[in-house]
Amino acid sequence: MNSTDLRTMVSAADARARARAADELVRAAADRDGLIDVAIGTVASPIGELFVAVSPKGLACIGFDDQDRASLEDRFAGALSPRVVASARATDDVRRQLDEYFGGARRRFELTVDHRLMSPFVRKVMAQTARVPYGEVSTYGAVATGIHHPDAARAVGAALGSNPIPIVLPCHRIIGASGGLTGYAGGLHRKEFLLRLEGDPTLFPG
Amino acid sequence: MGTRTPPPFERFLDENGAMVMRFLVAAVGPEQADDAYQETFLSALRAYPRVRDDGRLDRWILRIASRTAIDHHRARARRPEPRATVPDRPLAGPEPPDGALRAAVAALPPKQRAAVALRHLLDRPYPEIAQILGCSEEAARANVRAGLATLRERVS
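From first to last, the protein sequence lines are chains D and V. According to the numbering used here, the stretch in the first sequence is residues 1 to 206, in order. According to the numbering used here, the stretch in the second sequence is residues 1 to 156, in order.
Treat the hints with care, since some could be wrong.
[As the list claims (entries may be wrong)] If you want the ones that stay clear, here's a sample from chain V, every Cβ over 12 angstroms from chain D, calculated:
1. D54
2. R56
3. H72
4. E128
5. E137
[Unchecked claim] Stretch by stretch, here's where chain V covers chain D in the computed footprint (C-beta under 8 angstroms, at least three residues):
6. 35–44
7. 64–76
8. 88–95
9. 180–191
Bear in mind the hints are in silico, worked out from the structure with no lab data behind them. Quick caveat: nothing in here was measured; it's all calculated off a predicted structure. From the three backbone atoms N, C-alpha and C, an ideal C-beta is built for every residue, glycine too.
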């Protein structure tokens with residue numbers, strides 16, 4: 001008997017496979033006992049897999065698949081709580097509503113929002129943006145005027161670019177005064193996709 | 001002093017899960033390991049918002065796992081329930097060569113069993129084992145020595 005025998009008795013590879021299976025038990029029990037402060041999950045979509053985070057206060061974040069998930073999770077841990085745990089159940093309502101939206105069956109989201117990842121200014125910009133209905137667009141300048149900072153179109157642009165909950169908080173509906181799409185944190189191709197989905201006929205004639 | 005919020009729990013689970021499972025399979029046995037694993041990480045999750053990351057959260061989780069393992073033995077001793085032995089290998093075929101070692105490890109007193117697993121499975125140095133088990137370094141060495149002596153005696 002030596003320590004090599006002990007090591008082969010419980011191999012690292014077996015332990016790893018067994019741990020990954022048992023992780024599911026840990027997540028289920030954590031959900032059952034109300035120990036998840038930030039539930040994370042993924043949602044398949046036509047603009048790539050979306051990464052969603054939901055807290056007891058509501059939807060906190062939607063990330064695109066080219067964003068760095070590890071740094072998003074770090075942000076949740078620092079700003080919300082380190083109890084970040086995957087949960088299909090807790091993210092299910094968001095998944096269902098996003099599916100309906102991308103299927104054309106939903107024009108507005110019925111989700112409570114956790115605003116903690118936004119500064120007060122970003123929050124104000126988002127509230128103004130949320131007034132632009134499905135299928136319509138507005139401009140950076142109009143949003144700036146709407147929040148009584150008519151000279152702040154650039155700051156509005158930056159705030160929209162930092163939107164932690166794209167799609168649901170519809171920053172894609174804000175475009176340049178000349179009609180150009182201008183910019184989108186998730187990439188212009190996604191902005192164009194969302195606007196086409198919502199079917200603004202004036203934006204893409206023909 | 002460089003202490004900060006711990007990493008997102010999913011990452012912590014991913015980084016430490018295999019090590020904790022390896023320890024628990026040795027410390028409580030394959031049949032109880034999944035239960036003990038779940039208990040260990042749930043205890044950790046309960047305390048997680050208050051934990052400061054000192055860069056050695058692996059010691060913290062092993063301390064919880066050791067306590068869980070020793071409690072498991074106490075609970076079983078209090079209420080010995082008959083339990084069908086579930087073979088963790090296919091039924092047919094010869095007795096696995098490490099069957100005797102498994103039985104001998106299972107018969108060790110819980111603290112010796114945990115100490116042997118920390119030293120000879122996870123290769124932890126004695127000062128760490130002492131910290132994890134909440135005893136002196138002397139006592140950690142004594143537990144490993146006694147455990148190994150018993151194993152050598154029972155498994156030639």
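Against the structure, the hints:
1. No Cβ of chain D approaches the Cβ of D54(V) within 12 angstroms, the least distance being about 14 angstroms, so the stated non-interface status holds.
2. Every C-beta of chain D lies more than 12 angstroms from that of R56(V), the closest at about 16 angstroms, which supports listing it as non-interface.
3. Every CB of chain D is more than 12 angstroms from the CB of H72(V) (nearest about 15 angstroms), matching its label as outside the interface.
4. Consistency note on E128(V): stated as away from chain D, and its beta-carbon is indeed over 12 angstroms from all of that chain's, at 17 angstroms minimum.
5. No Cβ of chain D approaches the Cβ of E137(V) within 12 angstroms, the least distance being about 19 angstroms, so the stated non-interface status holds.
6. Under the rule that three or more residues need a Cβ within less than 8 angstroms of chain V, the assignment of the segment 35–44 of chain D holds, with 4 such residues.
7. Residues of the segment 64–76 of chain D lying with their CB closer than 8 angstroms to a CB of chain V number 4, which satisfies the three-residue condition for coverage.
8. Given a C-beta distance limit of less than 8 angstroms, the hint that chain V covers the segment 88–95 of chain D is violated, as 0 residues qualify and 3 are needed.
9. Coverage of the segment 180–191 of chain D by chain V is violated. Counting CB-CB distances below 8 angstroms, 0 residues qualify, and the rule asks for three or more.
The structure fails hints 8 and 9 (numbered hints given earlier, in ascending order).
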